[in-house]
Amino acid sequence: MGQAEVITPMYSSKDYKSTVKPIWCPGCGHFGVESSLFRALAHLNLPPEQVGIVSGIGCSSRIPAYTQCYGFHGVHGRALAAATGLKLARPELTVVVTSGDGDAFSIGGNHFIHACRRNVDMTLLVMDNEVYGMTKGQPSPTTPGDWDSKIAPGGTGVNPFAPMAVALAAGANFIARGFAGDPNGVAKILVEAIQHPGLSFVQVLSPCITYRPEEKFWKKTVHPNPVAPTRDPAEAGHRLLSDDGFTTGVFFIGDRPIYTAAVGVGEGSLDEIEEHLAI
Amino acid sequence: MGQAEVITPMYSSKDYKSTVKPIWCPGCGHFGVESSLFRALAHLNLPPEQVGIVSGIGCSSRIPAYTQCYGFHGVHGRALAAATGLKLARPELTVVVTSGDGDAFSIGGNHFIHACRRNVDMTLLVMDNEVYGMTKGQPSPTTPGDWDSKIAPGGTGVNPFAPMAVALAAGANFIARGFAGDPNGVAKILVEAIQHPGLSFVQVLSPCITYRPEEKFWKKTVHPNPVAPTRDPAEAGHRLLSDDGFTTGVFFIGDRPIYTAAVGVGEGSLDEIEEHLAI
Amino acid sequence: MGSGGAGAITTGSLLLEAAGRAGWYGLLTRSVGPQIRGGEALAMVRLAPTPVTSHGDHFHVLLALDWNNANRFIDEVPLTADSLIIADSEGGDPPPALLASGARLVTLPLTDMAEDMEGVRPNVLALGVLAELLGVPAEEATQAVIRTLGGKGLSAAHAADAIASGGQLSTTFPHSHPLAPTEGRNGDTHWLITGNEAAALGALRGGVRFAAVYPITPATDLPEWMAPRLKKLGGHLIQAEDEIASINMVLGASFGGAPSMTTTSGPGLALMAETLGLAVAAEVPAVIINVMRGGPSTGIPTKSEQSDLNIALYGLHGDAPHIVLGAQSVADCLTTTHWAVQLSEALQCPAIMLSDQFLGQAKTLCERPEPLVDAPPRRVAEAGNGRYDRYAVTPDGISPMSIPGTPDLQYTADGLEHNAHGTPSSGAADHSAQLDKRRAKLELFDYGDLWAEIDGEGETVIITWGSTSAAAFEAAAQARLAGLAVKVIAPRLLSPVQPAKMAQALNGAERALIVEQSHSAQFYHYLRAHYALPDAVEVISKPGPLPIRPGAILHHLLNRN
Amino acid sequence: MGSGGAGAITTGSLLLEAAGRAGWYGLLTRSVGPQIRGGEALAMVRLAPTPVTSHGDHFHVLLALDWNNANRFIDEVPLTADSLIIADSEGGDPPPALLASGARLVTLPLTDMAEDMEGVRPNVLALGVLAELLGVPAEEATQAVIRTLGGKGLSAAHAADAIASGGQLSTTFPHSHPLAPTEGRNGDTHWLITGNEAAALGALRGGVRFAAVYPITPATDLPEWMAPRLKKLGGHLIQAEDEIASINMVLGASFGGAPSMTTTSGPGLALMAETLGLAVAAEVPAVIINVMRGGPSTGIPTKSEQSDLNIALYGLHGDAPHIVLGAQSVADCLTTTHWAVQLSEALQCPAIMLSDQFLGQAKTLCERPEPLVDAPPRRVAEAGNGRYDRYAVTPDGISPMSIPGTPDLQYTADGLEHNAHGTPSSGAADHSAQLDKRRAKLELFDYGDLWAEIDGEGETVIITWGSTSAAAFEAAAQARLAGLAVKVIAPRLLSPVQPAKMAQALNGAERALIVEQSHSAQFYHYLRAHYALPDAVEVISKPGPLPIRPGAILHHLLNRN
Ligand SMILES: Cc1ncc(C[n+]2csc(CCOP(=O)(O)OP(=O)(O)O)c2C)c(N)n1
Ligand SMILES: Cc1ncc(C[n+]2csc(CCOP(=O)(O)OP(=O)(O)O)c2C)c(N)n1
Ligand code: SF4
Ligand code: SF4
Ligand SMILES: [Mg+2]
Ligand SMILES: [Mg+2]
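Chains as they are written, first to last, in our numbering: chain A, 4 to 282; chain B, 4 to 282; chain C, 67 to 627; chain D, 67 to 627.
This is chain A alone, in the form it adopts within the complex (with noise of 0.2 Å):
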C-alpha cells in the first residue's frame, strides 16, 4: 500500500484543483469522487502534470476539465481507448480513466473488456450512479430492471450485470468498490490502484441525488468487503457472481500479464529500412 514508502509529501489535495466550478447538482456523489482522487493523487506525491486524466461524456466524465492535471475529455464511451494510446506512447505518465456507468458499461463496454483483457497499467475508476444523469435519467447497465422511467416506463426488465465480474473475466488485474459517502475509503483503495500493476478496475457508488434521489439512502446499503483480497481469479469469480452489488473494499488482487510494448528508442534506423527495398 502507500504506506510502505516514506516521503515527504509535496502536494496537497488542492494543487491537484483547477479553478473550474463543477456543473455537477449541489449533494451529486461526484463530489466526494473527485476529492478522493485528489487525496490519493496527493498520498503518492504525484506532480499534476505527470498525471493524465482520461474521460468520456457523462456528469462524472466531466472531471479532467476540474483538475490541475493534464485532462482529455473526449467522446462518450471512448476513454479507454484514448488513455490506452497515452499510456503506450508516454509510459512514465500516471494515467487515470474517470468515467460513468453510462459511459464506461453501456457505450463503452468493448472498450472496458479490451483493456481488462489487454492489461495496460492504468487506473479504471467509474462512478456508478446506477442512472444516466447527464442525458436526465434513462437505465444504465447497472440500473435495476424495475426501474420506473419515462424511456422505460414500468422498468427495461433487464437484469443489472455486474461489472466486477465482467472485469474479472475479461482480465482485469486489480477490482475493487469504493462508496462516495466514504471518501477516505475510496482515496485508499485508489492509491492502491494506481500502484498496482496492469488495468486496476474502481467501482465506486456516486449517488446521482437528482434522478436517484433513493440512492441517498447507498449509506446504509453498503458494507465493508468481510473478506481479504484473492489472488485466484476462479475464487473472485464465484465471491464476485455472488456479490449483493454493495460491499466495497478490494475483491481481487492479480498478477496477469500486463502490456507493456511502448513507444521508446529503437536500435534500427529509417536508412536500414530503406536500403532492403532496393532491388
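Calculated directly from the structure, the hints in this document are not laboratory data. Backbone N, C-alpha and C define an ideal beta-carbon position, used for all residues, glycine too. Incorrect hints may have been included.
Stated by the list, open to error - Derived pair list, reagent style DSS-like, types lysine-lysine, alpha-carbon separation capped at 27 Å:
1) B:Lys-219 / B:Lys-24
2) B:Lys-153 / B:Lys-219
3) A:Lys-139 / C:Lys-218
4) C:Lys-503 / B:Lys-24
5) D:Lys-298 / B:Lys-153
6) C:Lys-297 / A:Lys-153
7) C:Lys-553 / C:Lys-567
8) B:Lys-139 / B:Lys-219
9) A:Lys-219 / C:Lys-218
10) A:Lys-24 / D:Lys-503
11) B:Lys-153 / D:Lys-567
12) B:Lys-20 / B:Lys-219
13) A:Lys-153 / A:Lys-139
14) B:Lys-139 / D:Lys-297
15) B:Lys-139 / D:Lys-298
16) A:Lys-223 / A:Lys-139
17) A:Lys-222 / A:Lys-139
18) D:Lys-553 / D:Lys-567
19) A:Lys-139 / C:Lys-298
20) C:Lys-553 / C:Lys-608
21) C:Lys-503 / D:Lys-608
22) A:Lys-24 / A:Lys-219
23) B:Lys-219 / D:Lys-218
24) B:Lys-139 / B:Lys-17
25) A:Lys-153 / C:Lys-218
26) A:Lys-24 / A:Lys-139
27) D:Lys-503 / C:Lys-608
28) C:Lys-298 / A:Lys-153
29) D:Lys-608 / D:Lys-553
30) A:Lys-17 / A:Lys-139
31) A:Lys-219 / A:Lys-153
32) B:Lys-139 / B:Lys-24
33) A:Lys-139 / C:Lys-297
34) B:Lys-223 / B:Lys-139
35) D:Lys-553 / B:Lys-139
36) B:Lys-153 / D:Lys-297
37) A:Lys-20 / A:Lys-219
What the hints assert, rightly or not - Just so you have them, the derived chain D footprint on chain A, three or more residues with Cβ under 8 Å:
38) 45-53
39) 71-77
40) 86-98
Please build the complex by placing chains B, C and D with the ligands on the supplied structure of chain A, with the hints as guidance.
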C-alpha cells in the same frame, strides 16, 4: 432435451442448405459447424422459413447465404444487435446468430456483453478459430499471446480472454462449448441451446487450417466436461475461470429473467394519443 | 428568465398554455446552461392570432425573476426602445447592456408579495402580470396554474388570488402591449406540442412500431414521449447499449417486417454511418430522426445548429444514395417524419429526417396537422414458385421484399455487393446493375408537392431549409410590404436532389439568397454542387446557437451589397 | 491468370522482379476472387524503360496456366488482334469472348514438361517463356526464381534449367513483343514496393511512431508491413479491438506527443467519424490512411473504387474542417503520406490520406521517392508563467500545444465547444471564435506546389485525382500526339479547397473533363461546389472495379459529344 418430444421429422439437413458454394478453404472447420447447425434445425423440425440466421462479417459469418433460411449478412460485429431487433419484431421466429471470434468478441464485444445481459431468446453460435481468417491471419481476443503473426511479430503479449466466463458474468442464460470436429456433439448442444429460453451462447472450436494449421491437432486437445452443467452462476464462474479452454459440453443452464417485450397488438389507438394533445 | 429553479420556464409554459386556451397561437423556446440543475434558464414566447413558427426580431416584454447570470442570455433577447422590462425588485441589477436598448424598466415586488401568499411563488404572480398585460384572460391563466402546479401544494383559490394580484400589479404602471385579438379556438384541433413530440407522432402515424434508441441531448425527450405511446399501440421501444446497436436493431426489426426507427443527434449519427450504408446496400427501410445540436464533436449539446447537413447527405462510405428530409417547423416535424416513414418503406431505403434543438424542444400552439394521404406500403413479395430474386432489377428500381416467415421466398439480405438473387458478387456488371438500381429507385419516384414549401413570386429568391425557413418566410413577407417581390423555396426533400422541380421553381429568378445556420455554408455548397442557381448568389450562413432572425434576412434583401 | 494455387501471381511477381533487376520499370496489379484460398487469380504486369504508374488500354501478352473461371477476368484483360495468348495445353479451353478479340492463341505443353523436371511447376516454365519473349535476361529470371522459390525445394540448377527450357519453348512460335530497351538500373534507388508499403514508409519518414489499427481488406498489409519496422524504430503498433478504439488510441498517443496514425478502409472510416470530429474540435493531430475499396457497406472488399471521397470530405458531424489528401501512384503513396503527417502535425488537425486497393496492393518498380523537405514540427508550448490558453486565437489560427509532463502548462483537451483556455462554453461568441480559428488555420497555411500535380498546357483541362490520375496523364500525352493540347490538374490536396491555386491553374481553360472512379460523380460535384469551373464541363465517372483506362479518356477528349 431435443428427444423429449416425439415428432415426425418433416425436414432433413439438406432442406436447410442453399445452392451457394461456400468460399471456405478446403478443410476449414466451419464446414462441420454448418452441418451441425443443419442437423440441429432438422432435429427441431423447424420450417426453414421460420428461422432467421443473422451474421456479421468473417469467414464464419458467411453462413446465412449458405442456408435456405432467412438470412441477414450485416456489418462486421453487429449481428447480435440486428438479431435482437429481428427477434423483438418477430418473436415467433427462431433466431440464430452465426459469428466468429473476431466478429463476436473483438469488434462485437459490446453487443456480446449486452446481448448476454439483456437475455433475449436467441442463440449465439461463435465459430472460434482463435484468428481472423477472412483478413488473412491476425490475432483475435482468443488467440494465445505468444502467437507470432505479421501484425504482431512475436505475439501480442496479451492474455486471451475466456468468452464463456465473460458471457456468464454479463448474464447469458445457457453456456456451452463444442468442437467442429464432432458435428454430432455440436448439433446436440445446438438443439439444447435453441430450445433453452434466453440468450444461449455456444462457442465452437473451429480450426482455421490456413492461418492456424496447428489447430488441426485440436482434436487431440479437446476433452469433455467431466461434471454436469450447473444452474448456479457463482459455481459456473468458478469453473469457467479455471477452465483450460478446451473442455466441451454444457457448463451453465440458467433461469435468469428474459427480455420479452415484443411488438404485438396494443390496446390503445392513435386517436386516443392525439386527443391528449388538444388543449 | 431567471436562475434555474426560479421557474422561468414554467412561467413561459403556463403563459403559452393559457394563451392557447384562449385561442392564440404561439411558440415557446428555451435556453438553458449546461448544468443539470441549478443553472440559469430563459423561456422565449411569441404569441399571435395566427400560427407562429419563429421568433421575431426582438421581444416586446422581458420578465426577469432575477438577474443572476442574465449576461449569458443577452444576445438571445434583443430588445428595442419600445420594449418593456419587468423585474422582481429583489432580483438584483439588470445588466447595463440590456438597458442600452432603451427599453423601459419596471420593478415589481414579486418576491415580497409572494411571501405573504400561501404556496405562491413569485413566478405565478409574474404570470398574472403578463396575462393582464397581454390581454390573456386571468381565468385561463388560473386554470393553467391549477393544472400544472395544483399537485404541488397550491390551492385553486390561492392560484386565482395570485393571478389576480399579479394582474393588479400591472395596473401600477403604464403599458401598451396587448396581443392582437383572437377569434377563439377550435378545442379539438388546437394542439400544444413540441417538435420532438410531433416527430414521434409522425412516426406513429406512419406506422412505426419498433424503435431502438440511445439517449442523447437534444433528442432524448422524443423517445421518452414515444415509449409509453408505442407500448399502447402494441409496439416497443428499446434502449440499446449504444447507437451502433440501436441502428442495427432497427435494421433487424425492419428486415423482420416492422416499420422501425431510431433517434439521435450528430455524434450518434456519426456512429450509425457504417450501418446506414448497410441499409442502403441491403435495401432495408429505416427512419433516423437526427435532432441537430451545435457541432463539431460533442460540441454544444443544448444548442441548435444546422450543421449536420453534410454528414446526413454525404456521411456514408461508397456510393450510397439515400433519403434526407428537413422539417421546417414544430408542426412540420410531424408531417416530415410521417413522410420519412412512407418514403423509407416505399423505397426500401434509409431516410434521415433532420430536425434541430430549436424545433425539437420548442413548444408550439398549432392546428392539428392533417395526416398525409396513405402511401402504398412496402412492396412485399408474394409466395411464388421458382427462384426468388430479392434484388431483381425492375423498371422502377424497387424489388418486392420478402418478409421472414413467408415460405419459399427465403433470401439473405446482404451488404456485400450482390447479384439480383442476393448472392455476393464482386463482378463489375453486378456492381453496376445494383448501383444503377439503387439510384434509379430514388430518382424515378414521384415526390409530389411535398418536396418543398414554396411561397410568393419574384425575381429574388430565398433558398433555405429546416428551422431557418420560418424566419425566411417572415422576412419575405416583410420585404413584399417594403415593395420587393421575393419568392421563398424551402426544400423539405434534401436528397435525392430534384433538379427539374428546382429548375421550375427557380424559373425567372435573377438573384438567390441562401440562408442557413452553419459556419461552413453547407447548404449553399450542396445547392451549388447539384442545382443550377441564378448568376447572383448571396449567402447568409451563421453558426448556432443564435437563431437567424427575419430582420437580418430582410436587411440583407433590401441592402444589396 | 490461373486457378488459385496455380501460381499466376507468383509468375507475375517474378517477372516484375527480373525485369526490375535488368533495369526496367513496371507495375503489377492483381485481381483475386473473394476466396481466402483456392479461388482464381490474375496478375497484370506492365513493363517499360520509364516509370509506369498505370495499365494501358490493352495487354500484349496473356498467359493462362489454366482457363478455370477465366470468364470472371475477361473484362479486366482487354486484348487486341495484336495480342498473344499463351496457354498451357492441359489448361482447358479458352473462353470464346477472349478469342473474339482476334488475338493469336499459342498452346504450350507446360504441365507435361514440368512433370519431367524436379521441383519445377508449370508457372516457372511460363516465366521462362515470358522472359525470352519480352527480352528479359534469363539470368535475372533465374535469380528471381531462386530467391523466391529456392526455399521451397527448387534447386538453383533446376531453376536455371526450367527458365532455359521455357525460353526454348518460345522459339517454337513466331512473336514480336520485346520490351523497349532499358539503360539499366541504379541499384540503390531502383525500388520494388507496393502502395501500402510506400504509405507506411511515408508515415515513418514523417515521424510516426505510434499506430493503432484494426484489420480490414485492402488496408491490412500496410500495418503488417509497418509493425516490425515501427518496432525497429522504437515505435509501437497495436491492434485495437475495433476501429473506434484504434482512432481513439491514436488521439490519446498524439495528445501525449507522439505523431500517430491508423489505417482502414470505408467501413472502418465510417466508424471513426465521430472521433475524427473530436480530433478537429480538440485540435489533436492524427493521420488516417484509408485504402478505398468498392462500396457501399461491406461492398467489394477486394476491389478498387474512389467512392470514399464524400465521407472523407464531409463525413464528420457539425462544421469540422480537416485535411484530406489523395495519393496518385504507388510511389506517391509515400510522398502523400509523409505530407499528411507534416500537415497534420503542423495544423493540429486530422489528415485523411486516401489511397485505394489499386494503389495499395499494386507492386511497382520505381525510383526511390525523394524525402520531402523537413517541415516545422508541431508547435509546442514552452513552459511559461501565467494562464496557459490552449486554444488561444492566434493570427495564423495555430495555438501552441502543451505536451503532458510539461510543468505549469496543464490543460484539458476538450471536444465540447470551449473558450480559449479550453473550458467548455456554450456561448455564441466562443463558438464563433473557435470555428473561425479552426477554419483559419487551414485556410491561411501555405501548401506550396504539392497541392496538385499539373501537367501540360491547353484550353482543354482534365481534372482528376488519386489513382485515376495516371490514366489521365497518359491520355493527355496521347491527345497531344493527336494534336489536342490538354492540361491535367490532379489535386493531391483535396481539402481544404484551394480556390486561388485552382483559378490560376484553370486560367484560360475552356473545357474541363472530370475523371473519377465513382458511380455518383463525387469528385465532380465537389469541384462544382467549391471551384469556378469552365462553362463546358464533361464527366467520366464510373464505379469500380474496372479501372478507367487512358483510351477511354482519350476517346472522350477527341470525340466531343
Ligand atoms: C455518441 C454519444 N451518444 C450519446 C451521448 C449522450 N450522453 C451524454 S452523457 C450520457 C450518459 C452518461 O451517463 P454516465 O456515464 O452514467 O454518467 P453520469 O452522467 O451518470 O455521471 C449520454 C448517453 C453522447 N454525448 N455521445
Ligand atoms: C468495420 C469493419 N472492420 C473490419 C472489417 C474487416 N474484417 C472482415 S472479417 C474480419 C475478422 C473476421 O474474423 P472472425 O470473426 O474471427 O471470422 P473468421 O474469418 O475467423 O471465421 C475483419 C477484421 C470489416 N469488414 N468491417
Ligand atoms: S444529474 Fe445526477 S450525476 Fe449529474 S450532476 Fe446531478 S446528481 Fe450528479
Ligand atoms: S481462412 Fe481459415 S477460417 Fe477462413 S475459410 Fe480458410 S480455413 Fe476457414
Ligand atoms: Mg451514471
Ligand atoms: Mg476467427
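A quick look at each hint next to the structure:
{"no.": "1", "hint": "B:Lys-219 / B:Lys-24", "in the structure": "holds (23 Å)"}
{"no.": "2", "hint": "B:Lys-153 / B:Lys-219", "in the structure": "holds (21 Å)"}
{"no.": "3", "hint": "A:Lys-139 / C:Lys-218", "in the structure": "holds (21 Å)"}
{"no.": "4", "hint": "C:Lys-503 / B:Lys-24", "in the structure": "holds (26 Å)"}
{"no.": "5", "hint": "D:Lys-298 / B:Lys-153", "in the structure": "holds (14 Å)"}
{"no.": "6", "hint": "C:Lys-297 / A:Lys-153", "in the structure": "holds (12 Å)"}
{"no.": "7", "hint": "C:Lys-553 / C:Lys-567", "in the structure": "holds (15 Å)"}
{"no.": "8", "hint": "B:Lys-139 / B:Lys-219", "in the structure": "holds (17 Å)"}
{"no.": "9", "hint": "A:Lys-219 / C:Lys-218", "in the structure": "holds (23 Å)"}
{"no.": "10", "hint": "A:Lys-24 / D:Lys-503", "in the structure": "holds (26 Å)"}
{"no.": "11", "hint": "B:Lys-153 / D:Lys-567", "in the structure": "violated (43 Å)"}
{"no.": "12", "hint": "B:Lys-20 / B:Lys-219", "in the structure": "holds (26 Å)"}
{"no.": "13", "hint": "A:Lys-153 / A:Lys-139", "in the structure": "holds (10 Å)"}
{"no.": "14", "hint": "B:Lys-139 / D:Lys-297", "in the structure": "holds (21 Å)"}
{"no.": "15", "hint": "B:Lys-139 / D:Lys-298", "in the structure": "holds (24 Å)"}
{"no.": "16", "hint": "A:Lys-223 / A:Lys-139", "in the structure": "holds (25 Å)"}
{"no.": "17", "hint": "A:Lys-222 / A:Lys-139", "in the structure": "holds (23 Å)"}
{"no.": "18", "hint": "D:Lys-553 / D:Lys-567", "in the structure": "holds (15 Å)"}
{"no.": "19", "hint": "A:Lys-139 / C:Lys-298", "in the structure": "holds (24 Å)"}
{"no.": "20", "hint": "C:Lys-553 / C:Lys-608", "in the structure": "holds (21 Å)"}
{"no.": "21", "hint": "C:Lys-503 / D:Lys-608", "in the structure": "holds (15 Å)"}
{"no.": "22", "hint": "A:Lys-24 / A:Lys-219", "in the structure": "holds (23 Å)"}
{"no.": "23", "hint": "B:Lys-219 / D:Lys-218", "in the structure": "holds (23 Å)"}
{"no.": "24", "hint": "B:Lys-139 / B:Lys-17", "in the structure": "violated (30 Å)"}
{"no.": "25", "hint": "A:Lys-153 / C:Lys-218", "in the structure": "holds (20 Å)"}
{"no.": "26", "hint": "A:Lys-24 / A:Lys-139", "in the structure": "holds (20 Å)"}
{"no.": "27", "hint": "D:Lys-503 / C:Lys-608", "in the structure": "holds (15 Å)"}
{"no.": "28", "hint": "C:Lys-298 / A:Lys-153", "in the structure": "holds (14 Å)"}
{"no.": "29", "hint": "D:Lys-608 / D:Lys-553", "in the structure": "holds (21 Å)"}
{"no.": "30", "hint": "A:Lys-17 / A:Lys-139", "in the structure": "violated (30 Å)"}
{"no.": "31", "hint": "A:Lys-219 / A:Lys-153", "in the structure": "holds (21 Å)"}
{"no.": "32", "hint": "B:Lys-139 / B:Lys-24", "in the structure": "holds (20 Å)"}
{"no.": "33", "hint": "A:Lys-139 / C:Lys-297", "in the structure": "holds (21 Å)"}
{"no.": "34", "hint": "B:Lys-223 / B:Lys-139", "in the structure": "holds (25 Å)"}
{"no.": "35", "hint": "D:Lys-553 / B:Lys-139", "in the structure": "violated (42 Å)"}
{"no.": "36", "hint": "B:Lys-153 / D:Lys-297", "in the structure": "holds (12 Å)"}
{"no.": "37", "hint": "A:Lys-20 / A:Lys-219", "in the structure": "holds (26 Å)"}
{"no.": "38", "hint": "45-53", "in the structure": "holds (count 4)"}
{"no.": "39", "hint": "71-77", "in the structure": "holds (count 7)"}
{"no.": "40", "hint": "86-98", "in the structure": "holds (count 10)"}
Hints 11, 24, 30, 35 from the list above are not met by this structure, while the remaining hints are.
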